[in-house]
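These protein sequences, in sequence, are chains A and B. When you read off a place in the first sequence, starting at 1, and then add 180, the result is the number in our numbering. When you read off a place in the second sequence, starting at 1, and then add 180, the result is the number in our numbering.
Any given hint could turn out to be false.
Identical chains share a label here; the pair holds if one copy fits it or two copies do between them.
Result set (DMTMM-like, lysine to aspartate or glutamate): computed pairs, CA atoms no more than 25 Å apart in a straight line [to be verified]:
(1) Lys229 - Asp246
(2) Lys289 - Glu453
(3) Lys508 - Asp439
(4) Lys289 - Asp363
Keep in mind the hints are simulated off the structure, nothing from the lab.
Protein chains: 2
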Amino acid sequence: MANFDLFFQRLEERSRWTNEYLLQEKYLNRFAPLDIREAVTSYIKYGGKRLRPAILLFSCGAVGCDELRALPAAAAVEVFHTWTLVHDDIIDRDGTRRGQDTVHEQFRKLSLQRSKHPLSPSNAEHYGISVAILAGDVQHGWGISMMTELATERGVSPDLVIRLINILDTFVLNTLVEGELLDVQYSHLPVYEVSEEQVLDMLWRKTGALYQFCAEAGAMIGLNRFEPEHPYVQSLGRFCSLCGIAFQLQDDVLGIVGDEKVLGKPVGSDLREGKHTTIVSYAYSQANPAEKQWMERVLGKSDATYDEIRKVTEFFIHCGALDYTIQKAKKYIQEAVPLLNQLPETEYRQLMEAWAEFLIHRTF
Amino acid sequence: MANFDLFFQRLEERSRWTNEYLLQEKYLNRFAPLDIREAVTSYIKYGGKRLRPAILLFSCGAVGCDELRALPAAAAVEVFHTWTLVHDDIIDRDGTRRGQDTVHEQFRKLSLQRSKHPLSPSNAEHYGISVAILAGDVQHGWGISMMTELATERGVSPDLVIRLINILDTFVLNTLVEGELLDVQYSHLPVYEVSEEQVLDMLWRKTGALYQFCAEAGAMIGLNRFEPEHPYVQSLGRFCSLCGIAFQLQDDVLGIVGDEKVLGKPVGSDLREGKHTTIVSYAYSQANPAEKQWMERVLGKSDATYDEIRKVTEFFIHCGALDYTIQKAKKYIQEAVPLLNQLPETEYRQLMEAWAEFLIHRTF
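Between the sequences and the hints, there should be enough to build the whole structure, so can you do that?
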């Protein structure tokens, strides 16, 4: 069993470092007008697990370097992840995140309530979306600018920094966007038109690619040179890529049987949105023709009743679909962990193993 | 009188270089799925004047360097400008650009017309917006990644490249976003609540800042060092900043009296959107109480009739508001042009003078 006590202690420290780095006055003063300043920092202030910064810092430490050299990159990937959430929340029409309003929802409400010149409902909705689009754009730029601070403030080789920025803003960004748009496109298709393979590929794009970047960037910053073929970089990258898929599979599990209060989002929303998951594909493959018809009717039905959602959930449990996905996530982690053997034997190996185990045991 | 023949010839060459650089196969292959690939290149294929790349290249040439060293940056600023257009078009609810569909409009229509699984009207509208948000995000990353190519492919100092990326993704980006959101916020306010000073500040943010960057970046790439205080860099930056405001003033003039067919957007849309311009502020200051009331009623009225628009236009002409703004744009150019005297005497000085004159004489 992984050493979770040590892991949570280290995770919390790194979360604090990241938050302190992000909430520096010099950054906040850049953002104007006021609505943008609040929108840009909103999700960051909501908190979060900061798993991406942690794994980037651990990877830097794992190759024998002081983790603090990589801190601007850790903060950068967190903000980079955040802007994709802000834009995805518009696209997925989500009203809540971590139990609070999403950015577009927050500014929709605000513009309705202003004492001077409140907007009409349709203008307010559009204003909320406008602020969220622009806030995500600002966060994107902020993330990239923190990457430049690796060179200007932490002595990282400018050549390496340039390569990392290029990877982040092409390979990682394009992969994330492709994953998000595939997710949208799949949600408009019937269950039987999207294979499990397509779902897994989409999951990797939505999560695995950025996790892989965190590991590779952390390791190369630790080595202080652009060497993507280095065995440490390769094994850490592959480790994180696999863990990223497991993370997303666990997200799908929590979307069906998670605790609303802990997750901060209504359970059943994945089903009402018609989200394609490995749970859905497996359940469909196990269903008889009548059950198939019924699934096709309920999945993606935005006004599905509580009873309908409950019935689908029970079917997913009884046909083994939920367990199928839980086991699948475990297999990814089991494939990932041995890759850590290629790293020097330090505490970081334990931390990364615990990080991987946490991804599939977490309830939030 | 500026040498426009030479200017147009040089502009066309640089436009071709920029287009060829942007439409390289290696870039296009990065963008997926298909809707993203088409959305990302859509505005670039519509064409455009490429004034930003041209001034960046001229600035590089003006300090005595081969312009081609700066070509990736020229392509980068064009794409950077493009993503702001794609996102602004969603925010401004514009359906057409350069006489063709805006990105969100194009994909709204497409998703309605698919032979398999066409979307409902409200899903189609949301899908169009989703594709446009993601396409802009991809363009943003693409622009930054081309900046990195200055170092990896053109021998520009990595330190300079890092500084330029940082300026582009903080100062320039934040200024553009602030300008856009102020524009949105002002459009919900009555005419008398926004001063001419506020309008001019907003114009500088929306256009001046990026033009200033083009000049400074071009000059520093030419010098191959980060030296923002260098007299060439300073005078070119100030020159372009002033020209940028003049450019935007001319845009406002064309929004009132331009030719629809040449501009590719319906004349009167600025008035129907309630856009705050120096033309509007001046006209309001000249109006009697009855005219003021009538202006307040018509400006921002999205279904204003052709007759109402014509009447406002005539009032703007007769009260001198249109001429006021035309003269104001001229003054900016007159202040800008002498700054060129601080540069070495080369053909580039003539080209930049012609570029400045073109900004306020253009009809498109």
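Verification of the supplied hints:
1. Lys229 - Asp246: Intra 22 Å, inter 49 Å, cutoff 25 Å: intra-copy only.
2. Lys289 - Glu453: This pair counts as both: shortest intra-copy Cα distance 23 Å, inter-copy 22 Å.
3. Lys508 - Asp439: Within. Shortest intra-copy distance 21 Å satisfies the 25 Å Cα cut-off; inter-copy 62 Å does not.
4. Lys289 - Asp363: between (28 Å within a copy, 20 Å between copies)
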